[in-house]
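Take 5 as the starting number for the sequence shown in my numbering and just add one per residue.
Hints in this document: simulated from the structure, not taken from any laboratory.
Certain hints may be false.
Stated by the list, open to error - Beta-carbon label-pair distances, calculated as ranges:
hint, residue 1, residue 2, range
1, S27, S181, 48 to 54 Å
2, L55, L174, 18 to 24 Å
3, K122, L73, 20 to 26 Å
4, F130, V77, 20 to 26 Å
5, H179, D30, 47 to 53 Å
6, G121, I78, 22 to 28 Å
7, V172, F145, 21 to 27 Å
8, I134, S181, 18 to 24 Å
9, I78, L55, 15 to 21 Å
10, P142, Q96, 19 to 25 Å
11, P67, T97, 35 to 41 Å
Where is the CB? At the ideal position from N, CA and C, for every residue including glycine.
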Amino acid sequence: MKSKIDKFAQKRHGKFNVAALNSLGDQLALVLATGFGIGFIPVMSGTWGTLLAIPLYLACIKPYPFFFLVAFVIVTMLGVWASDIAGPILGQTDASQIVIDEVAGLSMCLVITQPVGKEGLVIAFFFFRIFDILKPFPISFLEERIPGGLGVMVDDIVAGLFAGITIVILSVVFHLSLFNLY
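With the sequences and hints as input, model every part of the structure.
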């Protein structure tokens with residue numbers, strides 16, 4: 005007989021293997037992978053998950069910009085681990101509920117561009133989402149070829165890299181002063 009949690013999860017999110025939550029580590033991985041539950045928002049979970057990178061950036065960039073680079077590395081490492089565990093629990097390797105990869109992807113873009121002010125953050129967010137959704141080559145290639153948690157994370161990190169490079173090029177060409185590029 006299914007529990008209320010099983011019924012809710014099945015109705016709302018398809019295959020959700022509550023029985024796979026065997027340990028506190030599995031539960032922690034699921035919480036981290038889903039961005040503290042934000043990934044369970046039924047509409048545009050990736051977009052909502054991407055927003056988690058902004059408070060992280062703002063909290064780390066003020067004391068020393070290097071802190072955000074360290075935070076990016078930690079989020080990426082935790083993301084590989086958490087996604088590897090959360091995928092089977094959620095019923096697919098790169099389930100839409102896993103949003104820690106979006107946090108790492110926008111973080112990559114922010115590491116490169118270091119936006120100044122709200123406008124820079126909005127531009128970084130916009131370009132990252134475009135690359136994450138469209139997945140131009142080699143992003144789509146990487147997503148299909150690399151298995152497990154690393155595969156979940158790497159396509160978004162490369163999307164963030166492409167977004168950051170695009171912003172740097174546009175900033176130089178159009179002399180935008182919304183980013184700390186010089």
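Here's how the hints hold up against the structure:
| no. | hint | result |
| --- | --- | --- |
| 1 | S27 - S181: 48 to 54 Å | holds, 50 Å |
| 2 | L55 - L174: 18 to 24 Å | holds, 22 Å |
| 3 | K122 - L73: 20 to 26 Å | holds, 22 Å |
| 4 | F130 - V77: 20 to 26 Å | holds, 25 Å |
| 5 | H179 - D30: 47 to 53 Å | holds, 50 Å |
| 6 | G121 - I78: 22 to 28 Å | holds, 25 Å |
| 7 | V172 - F145: 21 to 27 Å | holds, 23 Å |
| 8 | I134 - S181: 18 to 24 Å | holds, 22 Å |
| 9 | I78 - L55: 15 to 21 Å | holds, 19 Å |
| 10 | P142 - Q96: 19 to 25 Å | holds, 22 Å |
| 11 | P67 - T97: 35 to 41 Å | holds, 36 Å |
Violated hints for the displayed structure: none, as all numbered hints are satisfied.
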